[in-house]
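Q: Since the structure of chain A is provided, determine the placement of chain B on it from the hints.
There are 2 protein chains.
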Amino acid sequence: MAHEMTLYTYFRSSAAWRARIALNLKGLKPDYCFIHLLKDDQHSADYQHVNPQQLIPALVDDKHIIAQSLAIIEYLDETYPNPPLLPKDAAGRARVRQIAYAIACDIHPINNLRVLHYLRDEFQVTDEQRTQWQRHWIAKGFDAIEKLLAQSDKPGRYCHGNTPTLADICLIPQMGNARRVHVELTAFPTLLRIEETALAHPAFAAARPEVQPDAQ
Amino acid sequence: MAHEMTLYTYFRSSAAWRARIALNLKGLKPDYCFIHLLKDDQHSADYQHVNPQQLIPALVDDKHIIAQSLAIIEYLDETYPNPPLLPKDAAGRARVRQIAYAIACDIHPINNLRVLHYLRDEFQVTDEQRTQWQRHWIAKGFDAIEKLLAQSDKPGRYCHGNTPTLADICLIPQMGNARRVHVELTAFPTLLRIEETALAHPAFAAARPEVQPDAQ
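If you're matching them up, the sequences are chains A and B in order. If you read the first sequence in my numbering, its first letter stands for residue 1, the second for the next number, and so on. If you read the second sequence in my numbering, its first letter stands for residue 1, the second for the next number, and so on.
Please keep in mind that the hints were generated in silico from the structure rather than gathered at the bench. Since the structure is predicted, the reported quantities are computational estimates derived from the model, not experimental observations. There may be inaccurate statements among the hints.
If chains are identical, the list can't say which one is meant, so a pair holds when it fits in one copy or spans any two.
[As the list claims (entries may be wrong)] In silico BS3-like cross-links for lysine-lysine, where the CA-CA straight-line distance does not exceed 30 Å:
1. K39 / K29
2. K63 / K88
3. K140 / K63
4. K147 / K39
5. K26 / K63
6. K63 / K147
In isolation and in its complexed conformation, chain A is listed as follows (with noise of 0.2 Å):
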């Protein structure tokens, strides 16, 4: 990179793991700036001028400051094209972006630890129905995606053939949600394969949140 690329990322948003895990696939190395979202630092007037909605991750790519993690990904695909994140054809790339918003719109966004949070605080939900919440949104997506993916004609190591795309990009960070709050996986066998794929993948393996330098 001729410029400055900074991305603003926590080590256990899975927003921000998604983007990591896209610019590690496209080789590129971003300043990581941190941003703890346990000690509030989303809310920090510094922080408002990059991304007025205080979420995790932002990126500033030159001049530009994008965030949203699919935007940041589809920018990023845009931008750097090699590998592509994306297939060639509309249709595949419909079904890559229907498994990715499926995650990124159905699944997470309701787990986010706002909504969790405003669980608490307002409807005095306990811990434990709190951790139900979460595991009946993981498993609901998860069903309707391991259909999707199982009835494909399209089978590969991964979700869409046999590179890692967007739908992947999403699903490995929420697998990893998912056994942070116990989901029984067995039930999603075609989800465990291309999870064991993907993390086999340096790319994949180094955006884990254990191995980040904010990790704690």
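A: The following block gives chain B in isolation, referenced to the frame of chain A:
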């Protein structure tokens, strides 16, 4: 269109509303198949075959079945490129997608019907508390988007320039949802201005819930 196209839709679903706007903007006239969400049509065996997620909308274009509204819209934009729903430059596309995902990931799914049902059935949340929940996530999201748009160096009649993009396609249905739960909108003058512009556009006007054949 030489081939068959079908949209599975429900008049009040704001995700289906997005797909209807995009189809109208492209001048496409698919058959509509109505899935009544309050009668649980989305859980029928037939519809599960179309979309294992049991969510609306889904598009069948020739032999391709695509669920997830944003996957449908990106597919339409790639397959029927005029008029474009995303800017030509990568930074502009990232900005439009960031706004779209701020709505489609971080507002809409948290307020989705199935989540509201869970709050009622599992946490015994009252109707008033559920409305407060909906207002909270809408206002939080709109606050960030209003800041993003107001600070922008790309002012225009729409979210990004003077023609509709994916961002407006997500914004207008979310404004409709905001009105349904009586969010105080005066704090969002830019969003109100864009809404007024968009609703004067025939493609947006014809996609409104109240003018759909299944509206009741």
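Q: Any hints this thing doesn't respect? Which numbers, in order?
A: none
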